[in-house]
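There are 2 protein chains.
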Amino acid sequence: MDSRTAHKAKRIDIAQGIREVLLNKEHAEELGLRANDRVKVVSEKGESLVALVNVTETLVKMGEVGVYVDLWNSLNLKDGDAVHVVPTSRPASIDLIRKKIHGHIWHQEEIKAIVDDICLGNLSDIELAAYVTAVQINDLTMDEITWLTTAMVSTGDTIDWETSPILDVHSIGGVPGNKYAPITVPIVAANGLTIPKTSSRAISSAAGTADIMEVVCNVTHDAQSIKRIAREVGGTLVWGGGVTLAPVDDSIIRVEYPLSLDPRGQVLASVMSKKKAIGAEYCVIDIPIGEGTKVVTPEEARNLARDFIMLGEKIGVRTRCAITYGGQPVGKAIGPILEIREALRVLEGAESPSSLIEKSTSLAGILLELGGRALPGRGADLAKETLRSGKALEKFREIVGAQGGDANVSSGDLVPGEHSCEFPSLRDGYIEAPRNRALIKIARAAGSPKDKGAGLILMYKKGERVEEGEPLLTIYAENKRKLEDARTLAGKLQPVQVEGMILGEVVE
Amino acid sequence: MDSRTAHKAKRIDIAQGIREVLLNKEHAEELGLRANDRVKVVSEKGESLVALVNVTETLVKMGEVGVYVDLWNSLNLKDGDAVHVVPTSRPASIDLIRKKIHGHIWHQEEIKAIVDDICLGNLSDIELAAYVTAVQINDLTMDEITWLTTAMVSTGDTIDWETSPILDVHSIGGVPGNKYAPITVPIVAANGLTIPKTSSRAISSAAGTADIMEVVCNVTHDAQSIKRIAREVGGTLVWGGGVTLAPVDDSIIRVEYPLSLDPRGQVLASVMSKKKAIGAEYCVIDIPIGEGTKVVTPEEARNLARDFIMLGEKIGVRTRCAITYGGQPVGKAIGPILEIREALRVLEGAESPSSLIEKSTSLAGILLELGGRALPGRGADLAKETLRSGKALEKFREIVGAQGGDANVSSGDLVPGEHSCEFPSLRDGYIEAPRNRALIKIARAAGSPKDKGAGLILMYKKGERVEEGEPLLTIYAENKRKLEDARTLAGKLQPVQVEGMILGEVVE
Chain V
2 MDSRTAHKAK
12 RIDIAQGIRE
22 VLLNKEHAEE
32 LGLRANDRVK
42 VVSEKGESLV
52 ALVNVTETLV
62 KMGEVGVYVD
72 LWNSLNLKDG
82 DAVHVVPTSR
92 PASIDLIRKK
102 IHGHIWHQEE
112 IKAIVDDICL
122 GNLSDIELAA
132 YVTAVQINDL
142 TMDEITWLTT
152 AMVSTGDTID
162 WETSPILDVH
172 SIGGVPGNKY
182 APITVPIVAA
192 NGLTIPKTSS
202 RAISSAAGTA
212 DIMEVVCNVT
222 HDAQSIKRIA
232 REVGGTLVWG
242 GGVTLAPVDD
252 SIIRVEYPLS
262 LDPRGQVLAS
272 VMSKKKAIGA
282 EYCVIDIPIG
292 EGTKVVTPEE
302 ARNLARDFIM
312 LGEKIGVRTR
322 CAITYGGQPV
332 GKAIGPILEI
342 REALRVLEGA
352 ESPSSLIEKS
362 TSLAGILLEL
372 GGRALPGRGA
382 DLAKETLRSG
392 KALEKFREIV
402 GAQGGDANVS
412 SGDLVPGEHS
422 CEFPSLRDGY
432 IEAPRNRALI
442 KIARAAGSPK
452 DKGAGLILMY
462 KKGERVEEGE
472 PLLTIYAENK
482 RKLEDARTLA
492 GKLQPVQVEG
502 MILGEVVE
Chain G
2 MDSRTAHKAK
12 RIDIAQGIRE
22 VLLNKEHAEE
32 LGLRANDRVK
42 VVSEKGESLV
52 ALVNVTETLV
62 KMGEVGVYVD
72 LWNSLNLKDG
82 DAVHVVPTSR
92 PASIDLIRKK
102 IHGHIWHQEE
112 IKAIVDDICL
122 GNLSDIELAA
132 YVTAVQINDL
142 TMDEITWLTT
152 AMVSTGDTID
162 WETSPILDVH
172 SIGGVPGNKY
182 APITVPIVAA
192 NGLTIPKTSS
202 RAISSAAGTA
212 DIMEVVCNVT
222 HDAQSIKRIA
232 REVGGTLVWG
242 GGVTLAPVDD
252 SIIRVEYPLS
262 LDPRGQVLAS
272 VMSKKKAIGA
282 EYCVIDIPIG
292 EGTKVVTPEE
302 ARNLARDFIM
312 LGEKIGVRTR
322 CAITYGGQPV
332 GKAIGPILEI
342 REALRVLEGA
352 ESPSSLIEKS
362 TSLAGILLEL
372 GGRALPGRGA
382 DLAKETLRSG
392 KALEKFREIV
402 GAQGGDANVS
412 SGDLVPGEHS
422 CEFPSLRDGY
432 IEAPRNRALI
442 KIARAAGSPK
452 DKGAGLILMY
462 KKGERVEEGE
472 PLLTIYAENK
482 RKLEDARTLA
492 GKLQPVQVEG
502 MILGEVVE
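Line order of the protein sequences matches chains V and G. So this note's numbering is basically just the index in the first sequence, starting at one, shifted up by 1. So this note's numbering is basically just the index in the second sequence, starting at one, shifted up by 1.
No wet-lab data here; the hints were simulated from the structure.
Partial list, derived from the structure: chain G residues whose beta carbon lies under 10 angstroms from chain V:
| # | residue |
| --- | --- |
| 1 | LYS26 |
| 2 | GLU30 |
| 3 | ALA36 |
| 4 | LEU53 |
| 5 | GLU58 |
| 6 | GLY67 |
| 7 | ILE98 |
| 8 | ILE102 |
| 9 | LEU129 |
| 10 | THR134 |
| 11 | GLN137 |
| 12 | ILE138 |
| 13 | LEU262 |
| 14 | ALA446 |
For glycine and all other residues, C-beta sits at the position ideal for the given N, C-alpha and C.
Can you make the complete structure from the sequences, with help from the hints?
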């Protein structure tokens with residue numbers, strides 16, 4: 002069969018975020034192709050795109066070409082459409098990735114070429130994994146990181162503002178219960194500043210800010226809608242996935258995730274490209290230290306903070322960093338409903354886990370100083386006053402209303418999963434730091450973040466005194482089986498340890 | 002839906018060499034899974050294997066689980082069989098790969114764990130690419146290479162011999178027309194030595210030794226059959242793919258290929274594990290230098306040779322290396338029939354491209370010295386004498402007969418593709434080195450190695466004098482279209498340049 006012969010397109014409904022075709026083995030051999038080679042796929046209308054080759058013996062017959070959904074949609078194909086398949090060479094950015102493997106420093110246009118190829122879905126998982134591994138081992142210079150950041154910004158939406166200043170805040174994550182944003186953002190907006198905050202959903206954590214906010218309002222808004230809401234009420238608390246800010250980041254994260262890799266240069270570019278794209282002029286980065294966070298030592302945290310500040314300068318986003326304690330959860334609640342309820346109670350002045358109040362108002366304080374609303378060193382006081390006065394609660398409700406939720410929402414409306422169990426202490430003593438990773442696993446086993454009512458409440462934080470029989474933990478779930486799963490896991494992982502006890506006694 | 006609920010297995014006929022399942026998106030979300038996570042798949046008979054998750058919205062419905070062929074076959078499934086899918090953690094070797102990324106040196110048992118996981122198909126393309134990239138950048142110590150080699154040997158077949166010595170020879174490749182083995186192996190075997198040679202098929206080259214030998218006999222033989230033939234006639238010229246020698250190598254090559262990476266440690270372990278597995282006690286490695294080969298400078302070649310010798314010592318295979326000129330093709334023929342015909346002509350004494358005779362007899366000479374049939378420095382003379390006497394031809398025919406071919410085969414029986422064209426010189430002058438990569442591309446365009454009769458003959462080698470109008474190149478093909486494709490490509494690539502001409506003249 003001739004490479005110039007038309008083949009019938011057959012839709013293969015597997016979405017990998019890469020453009021791929023599935024060829025009959027014999028067809029591939031005739032074209033001299035093997036898995037991971039490239040072909041140009043040409044549609045009847047003459048549109049053509051490069052795709053990666055997969056091979057099958059039966060799923061696609063001779064005379065057919067399997068087209069995976071990503072490519073199918075890009076070429077606007079219909080079942081039975083004719084397509085031509087022509088062998089083609091590999092994208093140039095593979096040689097550029099090889100350069101980094103061999104220790105070379107990239108030029109600006111080389112980074113742009115790689116980012117563009119990733120954005121177009123031209124690189125396979127193998128090539129992306131080589132990219133991430135090479136960047137992890139051979140690192141990037143600050144110039145490379147700057148070029149990477151601006152290249153990433155240029156692949157997606159950006160928002161231009163007529164007002165100024167535009168503020169933003171971001172936590173590099175890893176700490177469960179980190180629900181500062183629903184408190185920090187309203188405090189800043191209540192002081193007349195503009196803060197269009199976007200957040201992620203949970204990937205491996207128990208609940209992202211977007212999962213939490215979704216309990217009380219719609220979080221999916223596009224760039225136009227974000228701009229409108231922020232101009233109307235001063236701030237947003239939306240899902241970043243609703244707007245395509247530096248979308249190339251998602252493709253990179255997809256391969257970082259299974260490798261548990263987070264190359265420094267990539268973290269910096271990933272965070273700051275989204276801030277630049279949203280139009281931020283001032284930004285505060287929260288860097289938590291502790292078990293399960295991205296940064297282990299204060300020294301590493303300070304280095305990372307300096308990198309963020311330098312990168313911010315280079316791309317025109319004035320940045321300050323807060324290094325925070327992440328050795329145990331922020332506040333006591335983990336899971337969407339439980340977390341937004343805890344944040345609302347803080348806004349309502351009804352409950353006060355001090356770690357949550359301290360963190361939210363500290364971050365808000367830096368933002369208020371950057372935005373010119375407070376003198377240096379006085380921001381946190383203003384933030385606390387804004388919280389105490391009820392203005393932050395009022396602003397939060399305005400934001401919820403503007404995002405399509407009930408503007409009269411109160412913590413009393415929020416009811417966690419109907420199934421719950423307590424986990425009592427087996428001894429008297431003082432609480433050691435609750436274990437972040439174990440708590441996340443237990444909350445997820447209970448159904449969080451998909452089951453909004455699932456999660457857990459820590460009854461004590463580190464250093465507090467507990468008596469035998471008192472509950473250490475209450476787990477909530479929306480169904481009984483998941484509650485049982487979570488209870489079993491908690492028994493196994495023992496996420497909260499009580500110290501000060503004799504662990505064993507030697508008799509005689 | 003419950004993770005303990007049985008799902009109907011649906012066969013997904015895509016073979017990637019990895020165990021994979023395809024889950025409905027909703028099902029995956031319920032289980033808290035995303036692409037590249039792991040699940041344990043349990044069959045009705047209670048067999049279970051770990052697999053990688055892919056996600057679809059329609060190809061697999063709720064209540065079904067798509068099972069890719071590799072896993073399908075491993076679990077002996079039938080359509081509609083019930084399977085259970087249970088989320089499970091990642092294999093430990095991912096953390097070991099992360100260790101290499103962070104510059105750590107592996108222990109023996111860590112390398113064994115990684116190799117076993119690759120062999121079991123437990124690692125995804127992303128993880129394998131990270132492995133290869135990390136090994137390329139952070140390199141392996143000689144101890145690590147030794148452990149890698151022995152771990153690779155242990156994953157496949159091995160042959161134990163009652164006789165001694167067992168010899169082997171291997172070229173690390175990159176030079177087109179490298180048809181030494183059908184001459185070297187018979188010379189060695191004709192001197193009463195045992196040389197069970199296995200070869201590869203072409204991947205990106207024009208023709209592998211296995212493709213060439215397949216013209217005259219069956220090349221697919223298992224370990225038992227190799228042993229029987231080698232004991233009967235002293236040597237084999239078979240395809241390595243017929244026997245599973247260090248099969249884990251194939252999985253690694255699959256990701257090295259798209260990245261064009263060939264980490265030193267991996268090359269050494271890959272070659273020597275196959276030699277150890279076949280039971281070789283003595284081995285000669287041919288390291289060609291020149292355009293398109295794996296090694297560019299003589300210095301690199303010497304270093305690599307030292308590594309081969311040291312690794313050979315550590316695993317008990319006494320090794321010598323020959324650094325050879327690979328700057329142009331060996332002999333003049335490229336393509337299966339053309340190459341075996343050229344080799345047969347040398348064996349018959351009828352034709353003599355000196356480069357092919359020199360290379361074949363030099364390598365045979367070293368083997369004869371290692372095997373105790375010639376004194377140091379006298380092996381090549383004995384090899385030439387064996388060739389001249391006709392004993393090598395006789396032995397070649399015995400091997401062909403033992404491998405199921407016509408034991409009376411002669412070069413006159415071998416007819417290349419019926420379509421051919423010549424490529425005349427446009428000027429008088431001396432030939433520059435023919436370009437390896439361009440020649441390979443042209444031979445492949447003509448249909449090699451799949452079309453056995455396709456390929457090309459170089460009419461002149463480097464330094465020879467050509468007159469205007471004389472043919473530089475004859476291209477053969479089995480069909481007209483491919484001949485045209487090859488001719489067009491040859492016109493574009495100009496694989497043979499004629500020097501000594503004025504390229505331009507300045508008038509006035």
